Amino acid sequence: AQKITQTQPGMFVQEKEAVTLDCTYDTSDQSYGLFWYKQPSSGEMIFLIYQGSYDEQNATEGRYSLNFQKARKSANLVISASQLGDSAMYFCAMREGNQGGKLIFGQGTELSVKP
Amino acid sequence: GAGVSQSPSNKVTEKGKDVELRCDPISGHTALYWYRQRLGQGLEFLIYFQGNSAPDKSGLPSDRFSAERTGESVSTLTIQRTQQEDSAVYLCASSLGGVGYNEQFFGPGTRLTVL
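Each protein sequence line maps, in turn, to chains A and B.
Per my numbering, the first sequence starts with residue 1364, numbered consecutively.
Per my numbering, the second sequence starts with residue 43, numbered consecutively.
By construction, these hints were calculated from the structure, which means they are not laboratory data.
Hints may contain errors.
Computed cross-link-like contacts, BS3-like style, restricted to lysine-lysine with a CA-CA straight-line distance of at most 30 Å [unchecked claim]:
1) B/99 - B/59
2) B/99 - A/1436
3) B/59 - A/1366
4) A/1433 - A/1379
5) A/1436 - A/1379
6) A/1436 - A/1366
Stretch by stretch, here's where chain B covers chain A in the computed footprint (C-beta under 8 Å, at least three residues) [unchecked claim]:
7) 1417-1428
8) 1464-1474
So the derived label-pair ranges between C-beta atoms look like this [what the hints assert, rightly or not]:
9) B/123 - A/1374: 24 to 32 Å
10) B/80 - A/1365: 15 to 23 Å
11) B/123 - A/1435: 44 to 52 Å
Please read all numbers here as calculations on a predicted model, not as lab measurements.
The C-beta atom is built at its ideal place from N, Cα and C for all residues, glycine as well.
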């Protein structure tokens, strides 16, 4: 069965430093997609980054990068140069297959950026 | 263009009453999803519509939950005989569908409180 595990309920990082949020997944499919979303206290879900299972290079989007280790089934999010506005809940999610379909979400990591 | 909209933003109801939650997806998005988020938890998949295909109802927690979608537009999630355990934020998302990473764009959610 599909499963996403985020083992860090809460994380702290100093402003301007980098932080890694952990995500491991379990699937028997060869084709799948991995997503990270940010949820500020306002409740909106903001898409950050996507990694396809067949993508050979790690995805990057500005200050966000995804450390994809397929053999270990991990898809950690790295945020560089943290900003106060990065304080939020972060969710890792997986979709099986290469077309539209449901996302399976982890329990989330609450990131707090300290000034 | 306009994003995903949901109404009402907040709904307070008494145990045993029926409620209807509405979602307006982004124009042109053929895929529509409903998720539930309990306080402090990740998102749970409920149901997925893709064009004219039969919906994926595998996430509906009981037969008290149902959803409809009119063509490729508005969707309504109905919860009959509400229970206190149904209290949560109900999030709707839409995407283009088809092959590709298919980023899901989320609405602001409906916060349901069952007294």
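Evaluation of the provided hints:
1. Straight-line distance between C-alpha atoms of residue 99 of chain B and residue 59 of chain B comes to about 22 Å, which keeps the hinted pair within the 30 Å bound.
2. The hinted pair formed by residue 99 of chain B and residue 1436 of chain A meets the criterion: a straight-line CA distance of about 27 Å does not exceed 30 Å.
3. For the suggested pair residue 59 of chain B and residue 1366 of chain A, the alpha carbons sit about 34 Å apart, so the restraint of at most 30 Å is broken.
4. As the CA atoms of residue 1433 of chain A and residue 1379 of chain A are separated by approximately 29 Å, the hinted pair is consistent with the 30 Å bound.
5. Straight-line distance between C-alpha atoms of residue 1436 of chain A and residue 1379 of chain A comes to about 29 Å, which keeps the hinted pair within the 30 Å bound.
6. Restraint check for residue 1436 of chain A and residue 1366 of chain A: the C-alpha separation of about 11 Å stays at or below 30 Å, so the hint holds.
7. Only residues whose beta carbon comes within less than 8 Å of a beta carbon in chain B count, and the stretch 1417-1428 of chain A has 0; fewer than three means the coverage is violated.
8. Interface restraint, the stretch 1464-1474 of chain A with chain B: holds (8 residues with C-beta to C-beta distance below 8 Å; minimum three).
9. Hint check: residue 123 of chain B to residue 1374 of chain A, Cβ distance near 40 Å, so the stated range 24 to 32 Å is violated.
10. For the pair residue 80 of chain B and residue 1365 of chain A, the supplied restraint of 15 to 23 Å holds, since their beta-carbon distance comes to about 19 Å.
11. Hint check: residue 123 of chain B to residue 1435 of chain A, Cβ distance near 45 Å, so the stated range 44 to 52 Å holds.
When held up to the earlier numbered hints, the structure conflicts with 3, 7, 9 and fits the remainder.
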